[in-house]
Structure formats: C-alpha cells, structure tokens
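Please model the complete structure; the sequences and the hints are all you need to start from.
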Amino acid sequence: MIPELGHFALVLALLLALAQSIFSLAGAMRSHPAWMAAGRSAVVGQFVFVALAFGALTTSFVQYDFSVEYVASHSNSQLPLLFRVAAVWGAHEGSLLLWALILGGWTLAVTALSGGLDAPFRSRVIGILGLISIGFLLFMLLTSNPFNRLVPAPADGLDLNPVLQDFALAVHPPILYCGYVGFAVAFAFACATLLEGRLDAAWARWTRPWTLAAWLCLTVGIALGSWWAYYELGWGGWWFWDPVENASFMPWLAGTALIHSLAVTEKRGLFKSWTLLLAVTAFSLSLLGTFLVRSGVLISVHAFASDPARGVFILAFLIAVIGGALGLYAWRAPRLKSTAGFEWTARESFLLFNNVFVVAALGLILLGTLYPLFIQALELPPVSVGPPYFDLVFLVPMLPLLTLLGVGMHAAWKRGLLQSWRRRLTGVAVIAVVGAVVAGLAVYGDLRPMTTIGFALAIWVMGSSLLIPISRLRARQALPAAVLGMVIAHFGFGLATLGITGVTSFKVEENISLAVGEAATIAGHDFRLTELKRVDGPNFIGVEATLVVSRDGEAVTTLRPQKRLYNSGGNPMSEVDIDVGAARDLFAALGDDLGQGRWSLRLQYKPLVRYIWLGALLIALGGGIAAFDRRYRRKEVAQDAPAALATSASR
Amino acid sequence: MTPRRKRLFAVLAIVAGVGAAAALAMVAFQDNLLYFYDPSQVAAGEAPTGRTFRIGGMVTKGSVERTTGTLAIRFVVTDYKHSIAVRYDGLLPDLFREGQGVIAHGKLSESGEFIADEILAKHDENYMPPEVANSLKRPPPPEPAG
Numbered sequence: 000m001i002p003e004l005g006h007f008a009l010v011l012a013l014l015l016a017l018a019q020s021i022f023s024l025a026g027a028m029r030s031h032p033a034w035m036a037a038g039r040s041a042v043v044g045q046f047v048f049v050a051l052a053f054g055a056l057t058t059s060f061v062q063y064d065f066s067v068e069y070v071a072s073h074s075n076s077q078l079p080l081l082f083r084v085a086a087v088w089g090a091h092e093g094s095l096l097l098w099a100l101i102l103g104g105w106t107l108a109v110t111a112l113s114g115g116l117d118a119p120f121r122s123r124v125i126g127i128l129g130l131i132s133i134g135f136l137l138f139m140l141l142t143s144n145p146f147n148r149l150v151p152a153p154a155d156g157l158d159l160n161p162v163l164q165d166f167a168l169a170v171h172p173p174i175l176y177c178g179y180v181g182f183a184v185a186f187a188f189a190c191a192t193l194l195e196g197r198l199d200a201a202w203a204r205w206t207r208p209w210t211l212a213a214w215l216c217l218t219v220g221i222a223l224g225s226w227w228a229y230y231e232l233g234w235g236g237w238w239f240w241d242p243v244e245n246a247s248f249m250p251w252l253a254g255t256a257l258i259h260s261l262a263v264t265e266k267r268g269l270f271k272s273w274t275l276l277l278a279v280t281a282f283s284l285s286l287l288g289t290f291l292v293r294s295g296v297l298i299s300v301h302a303f304a305s306d307p308a309r310g311v312f313i314l315a316f317l318i319a320v321i322g323g324a325l326g327l328y329a330w331r332a333p334r335l336k337s338t339a340g341f342e343w344t345a346r347e348s349f350l351l352f353n354n355v356f357v358v359a360a361l362g363l364i365l366l367g368t369l370y371p372l373f374i375q376a377l378e379l380p381p382v383s384v385g386p387p388y389f390d391l392v393f394l395v396p397m398l399p400l401l402t403l404l405g406v407g408m409h410a411a412w413k414r415g416l417l418q419s420w421r422r423r424l425t426g427v428a429v430i431a432v433v434g435a436v437v438a439g440l441a442v443y444g445d446l447r448p449m450t451t452i453g454f455a456l457a458i459w460v461m462g463s464s465l466l467i468p469i470s471r472l473r474a475r476q477a478l479p480a481a482v483l484g485m486v487i488a489h490f491g492f493g494l495a496t497l498g499i500t501g502v503t504s505f506k507v508e509e510n511i512s513l514a515v516g517e518a519a520t521i522a523g524h525d526f527r528l529t530e531l532k533r534v535d536g537p538n539f540i541g542v543e544a545t546l547v548v549s550r551d552g553e554a555v556t557t558l559r560p561q562k563r564l565y566n567s568g569g570n571p572m573s574e575v576d577i578d579v580g581a582a583r584d585l586f587a588a589l590g591d592d593l594g595q596g597r598w599s600l601r602l603q604y605k606p607l608v609r610y611i612w613l614g615a616l617l618i619a620l621g622g623g624i625a626a627f628d629r630r631y632r633r634k635e636v637a638q639d640a641p642a643a644l645a646t647s648a649s650r
Numbered sequence: 000m001t002p003r004r005k006r007l008f009a010v011l012a013i014v015a016g017v018g019a020a021a022a023l024a025m026v027a028f029q030d031n032l033l034y035f036y037d038p039s040q041v042a043a044g045e046a047p048t049g050r051t052f053r054i055g056g057m058v059t060k061g062s063v064e065r066t067t068g069t070l071a072i073r074f075v076v077t078d079y080k081h082s083i084a085v086r087y088d089g090l091l092p093d094l095f096r097e098g099q100g101v102i103a104h105g106k107l108s109e110s111g112e113f114i115a116d117e118i119l120a121k122h123d124e125n126y127m128p129p130e131v132a133n134s135l136k137r138p139p140p141p142e143p144a145g
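Chains as they are written, first to last, in numbering that gives the first Met the number 0: chain A, 0 to 650; chain B, 0 to 145.
Hints in this document: simulated from the structure, not taken from any laboratory. Where hints are given, some of them may not hold.
[Claimed, not checked] In silico DSSO-like links for lysine-lysine, alpha-carbon gap of 30 Å or less: (1) B:K80 / B:K106; (2) B:K60 / B:K106; (3) A:K336 / A:K413; (4) A:K266 / A:K413; (5) A:K266 / A:K336; (6) B:K5 / A:K266; (7) A:K336 / B:K5; (8) A:K413 / B:K5; (9) B:K80 / B:K60; (10) A:K506 / B:K106.
[Said to hold, decoys possible] What the simulated footprint calls covered on chain B by chain A, stretch by stretch (three residues with Cβ under 8 Å from a Cβ of chain A suffice, anywhere in the stretch; the number is not a length): (11) 21-28; (12) 31-38; (13) 68-80; (14) 84-91.
Yeah, the Cβ is synthetic: ideal placement off N, Cα and C, and Gly gets one too.
Structure, rendered in structure tokens:
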C-alpha cells in the first residue's frame, strides 16, 4: 500500500509541477497576480508530494518491503538502519527521487525568500525551476519508477554493495546533489534574466549567495567522495580522474568560475553575458554529470545499469534544457551590454584570468571525459584517456592561476595594485621560494623542480591570503564576511595545493608479502606483522592483521587492517587501517592469503595527504562565510537567505 | 585604443588562448590514449608490442595460479574464442574473481603473455565492463594466417 501511495504522490507532484510552470510563466507574461500566486502555491504542493513519495520509499526500505523491486535489489534483512535509509539513494531510481526532492527544497527556499524581487521576475524563476522538476518527475515515472513491485516478492533482498556501506558514502550523494541541484537556482535566474532582457547589480547580488551555497555543498560532497575513496577502496589514492569524479568536478569548476565572474558583475557591471553563460554551463554540466553517472554510458569503475529508453529520454531532456537555454542566450544576450572599462592590473583583469584558466581546465577535462564516448559512438576501436592526460591539462592552467591569485586578491577594482602592496607581496614571494627550497631539502632531502614550484605556489597563496586579515587588523579596519570568506577559501586552496604537492612527490607505496614475525621498511618506518587472527563482526567474518609500526626503534603506532567476507555473499572486502598524522598518514591494507602463512599487504606512507581535504573544507567554509555577508541581506534582497539555505542543505 | 582595435585584440587573445589549449590537449593526448583489445584481437596480432594498452575479458575458471609465498599471480583472460595469459605482481582488487569480467592495463611481452601493471576494480559484482560485454557479443575475427 505504501509504495502505491508513493507512486500516486509522484504523479500528483508532476501535475503540481506542471501547474507551477504554467501559472508562473503565463502569469509573468500577462502580469496576472493571481496566476503568479497560484504558481507559488504549487511550489509548496509539489515539494510536499515529492517529500511524501520520498518518505514512502524510505518507509519501504526501513520496513524491509522486498516486494518493491528497488528495495529488494538494494538492501537485505541484515542491513543496519542507517544503511537501509542511505540505500534509498544507493542507485539510479532512488537517487533521481532524491534529486527531485532537493530541487523541490531549493525551489521552496527561493520562493520563500524572494519576496523582495520584482514579481514577474520571481515568477519566471519559479516557472523555470518547475520545468526542470517536470523533466525529472517525468523521467522517473516513465523510465525509472522506484515503486515498481516484484511478483512474487522474494524472501530476502540482495545486498547494498559492501563498499557502499559506509558513513561518508551514505551522506556523500545528498550533499553532492545539493550542490548539483543548487546550480539550478543560478540557471533559473539566468534564464529569467534573459527572458526579461535586463541585468542589474541587484541581480548579481541576489544570485551570489545562492550560487555560493550550491558551490559549497558541491565542494564538501567532492571532498567526502575523495576521502571515502582513500580509505575505503583500499588503494590509498585520493583522486583517480574517473569519469564519475570528473562528472562532479566539472560543474564545480564552472561554479568556481561563476562565483568569480559574479563578483565582477555585481561590483562593476561587467562580464554580464559571460556570467549568464557560466550560470547556464554550471547547471548543464550538473545535469550531464547526473545522467552520465546514473545512466551507465560511461566506461567506469562505477557501474550502473543501462537502458535504451532511459538513454533517449536523457538525451532529449539534455537537448531541451541546454539547447533551450543556449538558444535563449543567443537570442537575448546581445542586449546586455557592458560598458565600463578598467586597467590591465585591476582586480577585474585578475578575475578574468581566473575565468580563463578555470574554463580552460574545464574544457580540457570535458574533452578527455567525453572523448571515449565519441569514439564509441563512431564505432572506432574503444579507447580510454589515462589519468596522466588529466594531470597535465589540469596542472598547466593551475600554475599561472595560483601565481596570479596571490596578486589579484590585493588588486583594487578599476585601478590596480597599490604601491604598498607591491612591497608586501615581494616579501611573501621571497618567503615562498625560500620556504619551498628549505622544505624540499631539509624535510624530504630532495629538490625536484615540480615539487619546489608546487610548494612555493602553496606558500605564496597561503601567505598572500593571510596578508589581508593581518593588514586590516593592524589598520583597525573592519573585515566583512565576504572578505573573510575569500581569505579562508583562498588559504584553503593553498593548503590543498601543499597537500597535493607533498603526497604526489613523496608518497611511498609498496605491495609486499609478509609472514608473522617479519617486517618491512617503508619510508623509515618498520612495519612488523605480529599477529593474524580471525574476527567475527555483526554481518561479516574476517581476518585481522596486527602490524606494529616503529621508527628508529621507537614505537609509533599499531595498525590493524582486516579482510572481510560479508554474510550476504559477494566478494571479500579490505578494511584498511590508517594512522593519521599532521605530517603524514601511515596506511595498511591486507591483501590475500599467499600460502605458507604469508599474506600480501599494501603499505603506504602518505605525507601531507590530510591537507587536501582540510583545504577543501576551508574552501567550503570560506564560501559559507561569504554567503552570510550583510549586503546580501539588504532590504531589496530577501531577509535571511543563508539561514534558509542551511535548512534546505540539511534536508 | 579605439573600440575596433580593442575588439581585434580580444579576438586575437581568444584565438591564441584556444590555440594554446588545443596544443596542450594534443600533447597530453599523445601518450595517454589507451586502446582496448580483446583476446581475439591480441591473438590476431592486432595489438601493439612495447606500448601500453588495455585488455579485457572473463577470468577463466580455475586459471588463477599463485607462486606460493610471493605476490606473483598468473591467470587467463578469455572472450570464449581466444585466451591470453596475464601476469601481475601486486595486490588484486577486492572484486577480482574467477569467472568474472576484468580489465588489465599493461604491455604484451615477447612470449605473448600480458604483463599487467594494474588490474581494474569495479564497484559491483554483477557489472561487466562495457568493452568486455561488447567484445563477447562480437563475432570472432578471422583466424590469423599461418
């Protein structure tokens, strides 16, 4: 009964989404207040019914209703409650439902907080968000209904894949989706602006906190995914340039370019049409990402079922959304003229360079991600693009970007860098170069060009960021939230650069075979295998190795990696053990029984790896702080947008 | 500067930027395109020697041999028409199993064995790599002459 109610709720939500779009768009065109009000009411209704459908699916999972095909395929009676709930978005159908729910949440937040906007504009935004809802709800009902029944019902379900039974992965999709879907708001604002054919500073000021909120969710989601891959997949890698990772990274890059371009549009009224194009691009890439990942077209370690009916719908939907928005752009964007000029050393130039390099990296990553699909479509011999391609095309634009970032933060609008800043920045640059050489030689005993450049750029960006709060506090100037947020985010970017450089340059990874009593030395650390024992968990049995780690005779830590076999069947899983440290991680994964009492082990030394995720979290934190800046809460803007964002993000 | 000249400069800058990006892509593509061959194509001599590529197929049941006490492992990958032996020295991914699809990344040795430097893992035990699925559907290529 509950699944049928859920299905029915989805149908009603679709009808309400239709009402939301038609009344809002027609009402805006005719300036008909009652129609526009009806559109707003439909938003609430649509959200309520999608939430009911989501609740129905969750209930089916919690109550072990294996007569529902989706539940039977992705959970079983031994799965703990947390993972039964997380299993709702563990695969294609449920994740679409989550997508629709989050879109409903964002739409509701926009509707509730946009009272200060011009009524027809507000209605157009709501109407466009409604069109996207229609697409998703139709897609679900026509091709991917999560409420399909299974007759006869099986006694027990299959399992949720054991690698997915993990806290970070349970919360990773909802946070990532908050980011993906959040770009729909910027997209709807851009389309509404194009429809009206005018763009002012208030528009940019209005769009910025919403874009920041979406972007920070995406940042956290990507960082969580990377962290999960590091400790769960057992290889100790933190980024693989897998198409699925690229699918989330590309909208992030577009979002990054967008928030920087929005700054110029808000403060100086420049780059108007470019900003609109980026808003369209960020959401288009989110859609592309969602579908690439969930439709199974990608050759990837992430696997999902493929289905031709879905493929056709997805393609049609992508063409309608992206093609429609770009068509609108081509038609209307020429009306938006930017007139002001600026000096080549002004902040505008630096933000322009940011956009150039970020978009270049984005384009090259997109090329590498889609190239194998084109080749496949042309029926040429299958080909894949190796990670070194992505390393190179990402690194090359990032070097000038990091260099210019350190200067650009201090450049004034319109005029450029003041004399006093030139002196200070020269100081930071000297510290960065000396620091990089000293760190390379003294700490790691090695001086490689790329490592030195990486360390120097990291110190340069971090030091340059810190100059702002230091000089402002000295001069007893205020530090507005927007500036503080920028400083923290840029510092985090520098910190992540430090971590990436450190771990890429100095990591040590060894696959080794050990018997009890033997030891291996990895980067000066002795790993001694002292014990192998059987362990019994709640839904698995396994083997645990005890590795006593010492350095120069002094005990450092004890690592206990496991190899588990889950009762529900399937393959054995490695459970790694990591000793976390500020300077390095020590990482141990247990492999296979090699016979004669020997086991294979993967032992790794990972210097500075933590700073990658710490940096990413600081980037997100900076975005969050900036979104709270007071000027976004002025009267003509909605009262407290960020507070409501927090509630929609936690949903 | 007149607006006309300004626009000219902007266009030139864009052309130069796109050109630089395209050049970068070409250079990066050069060494990093990995071709895929199935065991039948390798048997037909289509695969290059001395260059890294990927092979894929099903791991033949009962073919996995370990040299006891070491990491060295040997197994046979098949597309049910032809087979190829794969050698690997390292930890196998958790989802590696006999009778299931696998993709290996490495080079062909003189003796015709595939020396893998990476065995690709996948998330789902029911999943088959798309190239493997396609290659199993394809009719067998003509036998190599001689």
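Outcome of the hint check:
1. B:K80 / B:K106: holds (21 Å)
2. B:K60 / B:K106: Holds: B:K60 and B:K106 sit about 23 Å apart, inside 30 Å.
3. A:K336 / A:K413: Holds: A:K336 and A:K413 sit about 18 Å apart, inside 30 Å.
4. A:K266 / A:K413: holds (10 Å)
5. A:K266 / A:K336: holds (15 Å)
6. B:K5 / A:K266: Holds - the C-alpha atoms of A:K266 and B:K5 are around 23 Å apart, at most 30 Å.
7. A:K336 / B:K5: Holds, because 15 Å separates the two Cα atoms, which is no more than 30 Å.
8. A:K413 / B:K5: holds (17 Å)
9. B:K80 / B:K60: holds (15 Å)
10. A:K506 / B:K106: holds (25 Å)
11. 21-28: Holds, because 5 residues of the segment 21-28 of chain B bring their Cβ atoms closer than 8 Å to Cβ atoms of chain A.
12. 31-38: holds (count 6)
13. 68-80: holds (count 3)
14. 84-91: With 4 residues close enough to chain A, the hint holds.
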